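S.K.: Since the structure of chain A is already known, use the hints to place chains B and C on it.
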Amino acid sequence: MHFPEGFRRKISQNLLWDFLRKGKKITKNKSKKSSSPRTRKGKLVSAGYLFPSILGVLLFFVLPFLIVIFYSVVDNPISRQFVFLDNFVSVFQNNAFKQAARNTMTFSVVAVPLAVVLSLMLAMMLESKIPFRSQFRTFFLSPMMVPIASVVLIWQVLFHYNGMMNEVLTLFQRDKVDWLNSSFAQVVIVVLFLWKNLGYNMILFMSALSSIPKDILEVAVLESATPFQIFWHIKLRYMSSTILFVTIMSLINSFKVFREIYLLKGDYPYDTMYMLQHFMNNTFSRLDYQKMSAAAIMMAIVMVIIIGILFLTENYFGKDVEG
Amino acid sequence: MRKQTSGKSEKKIRIKKDLGELSQERWDKEVKKKKKIRNARHLVRVCIATTVAACFAVLFLMPIVLTITNSFMSASEISSNYGQVFATTDTGGKVYIAEKVNLKFIPDMVSFSQYITVLFKSPEYLFKFWNSVILVVPIVAFQLLVAAGASYGFTRYRGRIKEIIFFVYIILMLMPYQVTLVPNYLVSEWLHLLDTNWAIWLPGIFSPFAVYLLTKYMRRIPVSMMEAAQIDGAGEWQIFRHICMPLCKGAMCSIAILLFIDYWNMVEQPLILLSDQEKHPLSVFLSKINAGEIGLAFAVATIYMVPPILVFLYGEDYLVEGITYQGGIKG
Amino acid sequence: MKKNKKLIAIALTAFLAVLWGCGKGSDSGTETGGYVYVPEYVEMDVECNYISAVTAAQDCVYLNTVSWDEETGESSNSLYKYDLTENKGESLSLELDENSNINGMAAGADGSLLMMVNSYSYEEDENGEPTNYSSKQELWVVSAEDGSIQEKKDLSQVFSDPDNAYVQNFCTDGQGNIYLSDGDSGIHVVDQNGNKVCDIDIEGWINSMAASKEGDVYISTYGEKGLEMRKVDLGTKKLGEPMEGFGGGYGNSEFMTGATKSFLFDNRSQVSTFDLSTGEEEVLFKWIDADINSDSVSQKGELSDGRVWAVTREYSENGPSSCELILLSKKKASEVPQKEKISYGAMWVDSNVKRAIIDFNKTNEKYRITVKEYGENVEDYQAAYTQFNADLTTANCPDIISLSNVDFHMYVSKGVLEDLYPYMEKSGVKKEDYLENIFKAYEEDGKLYGIFPNFYVSTTLAKASKVGDKSGWTLKEMLEFAQDKDPQSLFSYGSRSSIFYYCIYNNIDEFIDWESGKCSFDGEDFIKTLEFAAGFPEEYDYQQEEEGISSRIRSDKILLMDTSVSSVQEYQMLKGMFGEEVAFLGYPNSERKGNLIQPAAGCMGLASKSKNKEGAWEFMQILLSAEYQDSLVESRGGYGFPIRKASLEKQFEKDMTPDYYEDENGNKVEQAKTTWGWDDFQMEIMAATQEEVDAVRKLIESAEKISGSVDQQLVSIITEESEPFFKGQKTAADVAGIIQNRIQIYVNENS
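Going line by line, the protein sequences match chains A, B and C.
By the numbering used here, the letter at position 65 of the first sequence is numbered 65, and the numbering carries on one by one without gaps.
By the numbering used here, the letter at position 137 of the second sequence is numbered 137, and the numbering carries on one by one without gaps.
By the numbering used here, the letter at position 173 of the third sequence is numbered 173, and the numbering carries on one by one without gaps.
Bound conformation, chain A alone:
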């Protein structure tokens, strides 16, 4: 299975270029059409459909974010003296923030790719026409429904110093590990995160797999492509946009794992579990809104960069095969 080299590169380069100038291009196309009064009206009406949402988002998301920006440049929420970037400097130098940023980054860097790869593997497994497919699918989705309290309780019992995991270790004559109060804590939360999220990711992949055109797969089979080749060159390429979608969803969910950590260990957990949200939560309850806001804005900037990169990557890989 091979596309001529030039063909692919040309397409992807064009698309990348396309993306960078896309807005302009599309508007140009439209501006040609806009001579028709009917289209103009349609545009207006379609904007009307957007209106309620934009209003609400402005009020409940953008306005709060502006408040966050305001707080990030004043000394504290009560006296509100303008200090410009001092908060950013002090937060950036804060050891707790550094620790939190490092932990959050490590967690996302480890957990998100794992969530993508493992769920893809699960999806492939269920793809191979095994018996009880739909039951398995339901089972894998079940963690979504378990209330957080039960999850935390059960995790507590599993990873407690005297819990199940350590009992298993003792069976193999290993020393006990203090899971929640050592560097193993990160492992515990990664496992917890995977357990919660694999199911949904898997569903996303399953539907993407099923929408790969059959004829292409058949051609590959005819061409005596190995299963690995089929997977790598066809399936993965066709699913590239799904992979990115799953990545984004996993990223969102990776921020949500804070709730479980919080319920496991409270405001100040062992330092390997200390996340950015802990930092924000704690500075909030101590009325240090300026620190919280500065941290939030730095986080937002990193986020914009990450999403931007994901956008570009998707355009680079995804477009040439998308159906």
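These are calculated hints, taken from the structure and not from any lab test.
Remember, predicted model here, so these are calculated numbers, not experimental data.
Treat the hints with care, since some could be wrong.
Calculated pairs, DSS-like style, for lysine-lysine (alpha carbon to alpha carbon, straight line, at most 25 Å) [as the list claims (entries may be wrong)]: (1) C/K372 to C/K286; (2) C/K466 to C/K593; (3) A/K214 to B/K33; (4) B/K104 to C/K727; (5) C/K440 to C/K426; (6) C/K440 to C/K645; (7) B/K249 to C/K6; (8) A/K256 to B/K279; (9) A/K214 to B/K162; (10) C/K528 to C/K727; (11) A/K214 to B/K279; (12) B/K162 to A/K41.
With beta-carbon atoms standing in for the labels, derived distance ranges [said to hold, decoys possible]: (13) B/I106 to A/Q173: 25 to 35 Å; (14) B/A54 to A/P113: 42 to 52 Å; (15) A/P131 to B/I134: 39 to 49 Å; (16) C/G279 to A/R133: 46 to 56 Å; (17) B/R26 to A/P131: 30 to 40 Å; (18) C/K518 to A/V187: 20 to 30 Å; (19) C/P537 to A/V304: 43 to 53 Å; (20) A/R80 to C/E203: 56 to 66 Å; (21) B/A141 to C/K330: 32 to 42 Å; (22) C/G279 to B/I134: 14 to 24 Å; (23) A/L312 to B/A234: 35 to 45 Å; (24) A/V117 to B/A54: 16 to 26 Å.
Here a beta-carbon is modelled for each residue, glycine too, at the ideal position from N, C-alpha and C.
M.R.: Chains B and C in isolation, oriented as in the chain A frame:
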């Protein structure tokens, strides 16, 4: 969109050329032959896959099963198993201490005492349960409604401004709630919503999450379809109502499930925005189980799982179907 | 599969539908909707030292008061009737001999008054000790018109032990049956003619018993979920199921027969009506909003026109206690003169502050203080505290902020509080008139951020002969002192958590260096403290000791006493307990300054965001005024020292002035001022000597820090992580390492 479709058919033609001038009959035969060879290998793979899947399934199912079976244990049995895990200190913090913790699946004796307490003796759990329903259902319903309109807006006549707004939506969606919670508190206070359900409802209803998901889906609907309708004289409402909505039905259902599960488990928003603890949903209570209530917690958790399971059972097929067309950040 | 799923789904839906049925009717609004209750004080020309029973019938309130004559030492009983519709009061003559008490009054079905009277008799033997004690319980039917006794029925036979029976609750139902309860053993029911109907056994303490407007008798008891109200069912001779929608909570609440709805319900903070047929509770008013101190309300009830009456009794040391009859009527908020509002925000409102606020509201023409109590009736303290903090940044910020139970330093660093010195200067309150170290404790950079009217000092006491002339010690010294001693012999009520409070939390700065952002919980001192604490029981068993504290102290079975000194008289008592001179060691502290100031009444600051600082200050300065400070001076020693120097001296002077009485020969003989006691120890307090006052003065001067300012977060981390060490699962060093790790984040975050 149109350009891409043409690209695909071009490819297919090209592939066929590569294979030489094969007749359709020949083509099918070849495919069958190759498939046969692989069938034997396939069987082995299926066996392995099934075993692995079964192992995973056990791991994944354990908590849900545990929660349900343990809810049928009597208070004394629970405390003998976990009592030492959850001991409450006088300062209110949780202390987890145990000589040995047992995860026990099957109760020694099936007892309904926990349920009797939850359902009949102490009505506050039920009040909290209904608080949850009252908070979550409107959010899910109206967020979908708002999102349907918004994603239609984002889908039709895409322009640079809309693209930028959509990007902003994605960024806002990715913000952890800790960031927006405090300013949200201030805004609710400013709008005099604090301590009313509106403080939870409104930010929920206008959350960009559903807009993002639905827009992704709606943009997969071929533009040609809408344009054709337009040429036939359909107005925006007709296009929205008779083309977009029926096509998005599955997607809407799948998003509804996600939203429901997400908000059903919310803890922080009510804690901050509703100071009247009588309005708190059950999830807030569940997040704070302590020693005395751990027995009840399993029963409450089981009851609490009923609506998500229900939503799930009714909508699981949509969940799978609804995302079939999904993929890609930009769509 | 599909079919199965459908079946499950249908089953679950059905289950939810059932739940819906169970969970309905949860509304209990607290809206008072634009109405306020306005109090009206009724003159009563009756002398009362004690009110033994109050009841209302046909809109008349009947009070049975007892007053005694200081000179003759004799008490007299009287029955006072006040007609609330005609606003007329009169004393009724009631023949009641000296050995009879009215334990309860109720309105009879025929308009007469029913009283439960306990009469006792005894003979004196040759030594003057009472003997042959006997008591009888009688039901009197008394005319509501003139107080004449119409009938007496002996009900002693109803009680199993009539000599020791005491009727706690007493009421009648619609049929004229009489319900008696002596608190905990059960309810006895007799009919109109005094014949026993039945006994109903009840588990637990009966909190309140009353007939509903409809004529059925209900009682309230404390159950699993707090207060439960149950119907007394004469048919089955049992109690009914708990009423839904009623009560809850563990407060000392009470319900009374209602006039408009079934019951009137008072939970000591607010008054509401409760309708049995709908199960709905409707809040009428909060006591504090009506300028009434709920602590002094002894009885209350509802009139048929919806007004509420209350009898308050204010105990006062100097002079007779007063009682007032208050009528509360509902008025539209707009009809009541509007005053400028000042808000007082607190986690909990101290009762002294509450009293001061009520007095202020009653007398001040311009301002009115409203109270917001964040910690009131909440399950989740932490959430309430977060709410409190969040409000400080918004327009909801209270004008006056209570600084009890909050992080004072954080508020100061955020600029939440206003410097009070300029206000003091403006209103002519001189800083020099007050104890320097007290103001210093709430001072930062020469600015004063909090005030409180009085205080006491927490410290550690030891026999001076054991510790020499030490006046403070470091943790190391303290641990050395304890090293070769049995932990049980150190403190009287030592438990692990109290030891942590003792060694660590009052001394937290020794472990956290805020300057460098380092903490040293993995150091030797902390590990040693952990090991030290391990010698104490997890919870102190108060039952275990057969010997009293004082005798254990004297025989050196206890060496230290962790306590507080709130008056010279308390110091006199402590000295008496030890049987010799005592030394104040204070809490372990790196600078050996461990005597801690403890505000006795609420401590408060002025919000810098307040829009009405003048008004808020007007209230706050009252607490500093000479008048208020002098009112804290009490002959019985008082609880806490006033912070104004002159008032403190007045207190000392009073403590040193002996009381005399004249004996039969006309000689002045010094008599005890009062009696103080603790556990097995009791002591008559004579006038204090100059040395004793000086010792207390020195103690007050040595106190520099405010106690109890440790963040709860640290407490929970230490408590949580030290537990495995106490249970023998981890070593002290391991545990200390984890604590160090977690607290280090806390320190980093805040540095």
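S.K.: If a hint holds in the structure, say so; if it does not, say that too.
M.R.: We went through each hint and held it up to the structure:
1. C/K372 to C/K286: With a Cα-Cα distance of about 12 Å, the restraint between C/K372 and C/K286 holds, given a limit of 25 Å.
2. C/K466 to C/K593: holds (19 Å)
3. A/K214 to B/K33: holds (16 Å)
4. B/K104 to C/K727: Since the Cα atoms of B/K104 and C/K727 sit roughly 24 Å apart, the hinted pair holds (cutoff 25 Å).
5. C/K440 to C/K426: The given pair, whose Cα atoms are some 20 Å apart, holds under the 25 Å limit.
6. C/K440 to C/K645: holds (15 Å)
7. B/K249 to C/K6: Roughly 20 Å between the alpha carbons, so the hint for B/K249 and C/K6 holds.
8. A/K256 to B/K279: holds (24 Å)
9. A/K214 to B/K162: At roughly 35 Å apart (the allowed maximum being 25 Å), B/K162 and A/K214 break the hint.
10. C/K528 to C/K727: Cα-Cα ~16 Å, so holds.
11. A/K214 to B/K279: violated (53 Å)
12. B/K162 to A/K41: holds (17 Å)
13. B/I106 to A/Q173: 25 to 35 Å: holds (29 Å)
14. B/A54 to A/P113: 42 to 52 Å: violated (25 Å)
15. A/P131 to B/I134: 39 to 49 Å: With Cβ atoms ~43 Å apart, the hint holds.
16. C/G279 to A/R133: 46 to 56 Å: Because 52 Å falls inside the window, the suggested range holds.
17. B/R26 to A/P131: 30 to 40 Å: holds (34 Å)
18. C/K518 to A/V187: 20 to 30 Å: holds (29 Å)
19. C/P537 to A/V304: 43 to 53 Å: violated (57 Å)
20. A/R80 to C/E203: 56 to 66 Å: Since A/R80 and C/E203 have Cβ atoms about 58 Å apart, the given range 56 to 66 Å holds.
21. B/A141 to C/K330: 32 to 42 Å: Given a distance of about 41 Å, which is inside 32 to 42 Å, the answer is holds.
22. C/G279 to B/I134: 14 to 24 Å: Holds, since C/G279 and B/I134 (Cβ atoms, about 20 Å apart) stay within the stated range.
23. A/L312 to B/A234: 35 to 45 Å: holds (36 Å)
24. A/V117 to B/A54: 16 to 26 Å: For A/V117 and B/A54 the Cβ distance comes to about 21 Å; the hint holds.
In summary, the numbered hints that this structure violates are 9, 11, 14 and 19.
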